[in-house]
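Chains as they are written, first to last, in numbering that gives the first Met the number 0: chain A, 0 to 229; chain B, 0 to 314.
No wet-lab data here; the hints were simulated from the structure. Even for Gly, the Cβ is constructed at its ideal location relative to N, Cα and C. Keep in mind that a hint or two might mislead.
[Said to hold, decoys possible] List time: in silico DSSO-like cross-link candidates among lysine-lysine, alpha-carbon distance up to 30 Å:
#1 LYS60/B - LYS140/B
#2 LYS13/B - LYS9/A
#3 LYS222/B - LYS196/B
#4 LYS9/A - LYS140/B
#5 LYS200/A - LYS110/A
#6 LYS200/A - LYS122/A
[Said to hold, decoys possible] What follows is a list of derived Cβ distance ranges for each label pair:
#7 ASP189/B - GLU171/A: 20 to 30 Å
#8 ASP172/A - ASP54/B: 48 to 58 Å
#9 GLY12/B - ALA21/A: 15 to 25 Å
#10 THR192/B - GLN20/A: 46 to 56 Å
#11 ASP75/B - GLU171/A: 28 to 38 Å
#12 ARG233/B - GLY66/A: 19 to 29 Å
#13 ASP139/B - ASP201/A: 55 to 65 Å
#14 GLY66/A - THR206/B: 47 to 57 Å
[As the list claims (entries may be wrong)] Not close to chain B: a few residues of chain A, all C-beta gaps over 12 Å, as computed:
#15 SER1
#16 GLU181
#17 ALA192
#18 VAL210
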Amino acid sequence: MSDVVIDVGKRPVREVHEEIQAAAQAGKSITVTNTLSRHNLGVGLPAGCSIRFEGSVGYYCGGLNNGAIIDIERNAGWGCGEAMASGHITVGGYAGMSVGAAMLGGTIHVKGDSGPRAGVAMKGGNIIVEGKIGYQSGFMAHGGKIIALGGAGPSCADALWEGEVWVTGDIEDLGVDAVVTEPTAEQVAEVDAILDPLGLKDTSRDWRRIVAGQRLWYFESRDAKAWLMI
Amino acid sequence: MCGIAGRILNAPGKVGRDLVELMDAQEHRGADSTGFAIYGVPRDSGYVVRAMGFDRDAMGKDLEDYLAILRQHGGDFTADPTWDNGDSQHYSVRMEISDPRDVAMWTKAADQICERLEMQSVGRSLEIIKDTGGAYEVADKHGVRDMVGTHGLGHARLATESDVRPNASHPFWARPFPDVAIVHNGQITDYYTWRSKLERKGYRFLTYNDSELIAVWVSDRMKEGLSLEQALIRSIDEIDGVFTFMIGGPDTIGWAKDRFAMKPLVVVEQNGEMAAATEEQAVRRVYDDDGVSILNYDGPSLHGIWGVGNRRAAA
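Extracted from the complex, chain B is given alone in its bound form:
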């Protein structure tokens, strides 16, 4: 049992604040860890990178080695990295970088030091923040409420298939595809089979969390030429298990549900904006008008895609 959420605004706004509320309302579904994927205003070139280091005392050396690899691949920092001021041994760092020559090649190289510093998202706009603890705790530590953007995802995790570790939390980045993130409620039963197939194609997984698979699975299908919608439909037939997942991209949030209709999804769509969550009481944190129309996507084998309208202009 986990809780997931999605939010779309019709212009850049406080999407972080809304997602924190959506996740706080679902904390009882999984208080092991909480995470957010926020799509800010996209940049034309360069990437924003979110990474987690595992030894705060070694941060200087970690960043130095990270930068050396980035420079070998033609990129550089375009601003000084910033990090959280928590007292945990692990730390989260935010970096703005210029374009490496090849994102996939560079990601592979940067992952040589993933035991020390693990990249958690790379995107023109995507930033993934995740940590152990509840929604408010993670939001306070990482300033999530102040994050501005058009859309995003949230996740509260009850670990069933792998360790409780800050980096094994959701959302997961579809390594190495920029701007693709996933949140998932459920269990993938043929996880190892799919994981080894994807590993043979060169993908790398950094946790033993079954959900990390889905983001890469969908992105790989799209790389092979399927549309997002075709990939979502295929996932329902080909991935075994119970799931409701949402996958974020630069201009969309897509979702799919398994054949057994085990995991709920509750949605409010209003005036081009959208809030989705596992539980109805969560969307009511964003839409407290009792007359609001609630859509329950409770059936089996469902999928859908929400578009994101205006990503740049002011409201």
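With the rest of the complex left out, here is chain A:
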């Protein structure tokens, strides 16, 4: 049961944002209604904040999250949870392009599919997608894990750095310098520990763990073709 209900509609997002921040600072649980896929809702929320967005949100929802628990009922637009440091974001439906871009920590749980470049340049944290991850997901990820339970689109894990992309289901094709490895039991246990609190643990899964082939880590003029493929 929420303490505060904040309506969005056609109101200026700045005004909505100030109300959300004030309620969050006061430690109230918040429900945001009539969101109409508006942008920049729930950006920069602090630890201790619990907020639910009814319907769908636009771009950058939950961006710069600093520990809040954010629940989005339906779809999220581009850059959901961009650069978040910590906290937990749940997207009930589809997450658009670049979900979790450059995130540093925390968890994003997408119940539907995700768009292109999920976790682009992420540095840490986990993105769990129950459906399929889109084109070029994990592009240049520096750290953290993307875990896809419903397969992956084309150019999966393209130019991955030190992040990991875990996939069960079909992978349309792999990106440049992406290498599929057989995970060890310890590594699978680590992923299961991430999935368990979300109720998604299933030990019968056939995992593929994708990591960097490390060809792109150092520029090598004899291997320039690999670079040009990016």
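Place chain B on chain A using the hints.
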């Protein structure tokens, strides 16, 4: 970054009003200029022409010279031209004309005075309205909300590749193909290469906007015998850059997206009607029911065609 929109109704209705809302919701994507392509009820013969003149004080002389060229090519005004009452130096004029003998030949001749009066659309039903300013500003000035039709396109422009000028706004007409218009979000990187190839084939471009190319490119491929769908597929392979574009025709709106999946497209299809936009919040201006099913065409190398059902009958 620009914003685009498309709308299809299942019978002639206030498509102008819907497109104004779709574009107002995306004004933050590009407030330099706004434009609309509206497909009204088609006529069996004759064309409706939308043109922009650059010196309001010279409108009388411009129209006189324009009519003289039209008459040389076998056409004539079938109604008195009408124009906007704005206070800008440039003006927009709407003309109804009888068929010239050859539209391409006549367009070439009419473009001899394009420095003064530039044709922005020619069609049995297509009318392109564009101007500097936001959606409501352009709609108020040109009466866009009252325009009736079955389908249309909208565009909010953030100029990245060429000047902010009223005539460099979208949508672009596929000069000289009647009833073909385009809106585009993105950048075409091999624009000059394609432009010079098409110029050698006799096409003329009136702005340095890269998007003007796409409409002519697709129409030229169709003139060579490709279907709309084949031309859209080819555009993804052959045109370099990032793009999501929509191309309007008499009975269709087609669209294509580049290989890198850089530019979004959000669509609602319901009961034979359709609204498409760059951002989901825009389609919610038309479909505010929260339960409506939203399609995100986010992947790379996608294309599609929406048909327009009943263009003439009342709803």
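Are the Cα positions of LYS200/A and LYS122/A separated by 30 Å at most? Given that 30 Å is the threshold and the Cα spacing comes to 24 Å, the pair holds.
Can the suggested window of 19 to 29 Å be confirmed for the beta-carbon pair ARG233/B and GLY66/A? 50 Å, violated
Taking the beta carbons of GLY66/A and THR206/B, is their distance inside 47 to 57 Å? 50 Å, holds
Using the Cβ atoms, figure out if GLY12/B sits within 15 to 25 Å of ALA21/A. 44 Å, violated
Could you say whether the range 46 to 56 Å given as a hint is met by the Cβ separation of THR192/B and GLN20/A? Since the Cβ atoms of THR192/B and GLN20/A sit about 51 Å apart, the hinted range of 46 to 56 Å holds.
Between the alpha carbons of LYS222/B and LYS196/B, is the straight-line distance 30 Å or under? It holds: about 15 Å lies between the C-alpha atoms, which stays within 30 Å.
Taking 12 Å as the cut and beta carbons as the points, is GLU181/A off the interface with chain B? Non-interface label stands for GLU181/A: nearest chain B Cβ at 29 Å, farther than 12 Å.
Return holds or violated for the Cβ distance of ASP172/A and ASP54/B against the range 48 to 58 Å. For ASP54/B against ASP172/A, whose Cβ atoms are near 57 Å apart, the range 48 to 58 Å holds.
Check on SER1/A being off the interface with chain B, judged by Cβ distance over 12 Å: Correct as stated: the minimum Cβ-Cβ distance to chain B is 18 Å, above 12 Å.
Restraint status (C-alpha distance of LYS200/A to LYS110/A at most 30 Å): 14 Å, holds
Pairwise hint evaluation, LYS140/B against LYS9/A, where the allowed Cα distance is 30 Å at most: Roughly 24 Å between the alpha carbons, so the hint for LYS9/A and LYS140/B holds.
Holds or violated: LYS13/B with LYS9/A, Cα cutoff 30 Å? At roughly 23 Å apart (the allowed maximum being 30 Å), LYS9/A and LYS13/B satisfy the hint.
Taken one by one, the earlier hints fail for this structure at numbers 9, 11 and 12, listed in ascending order.
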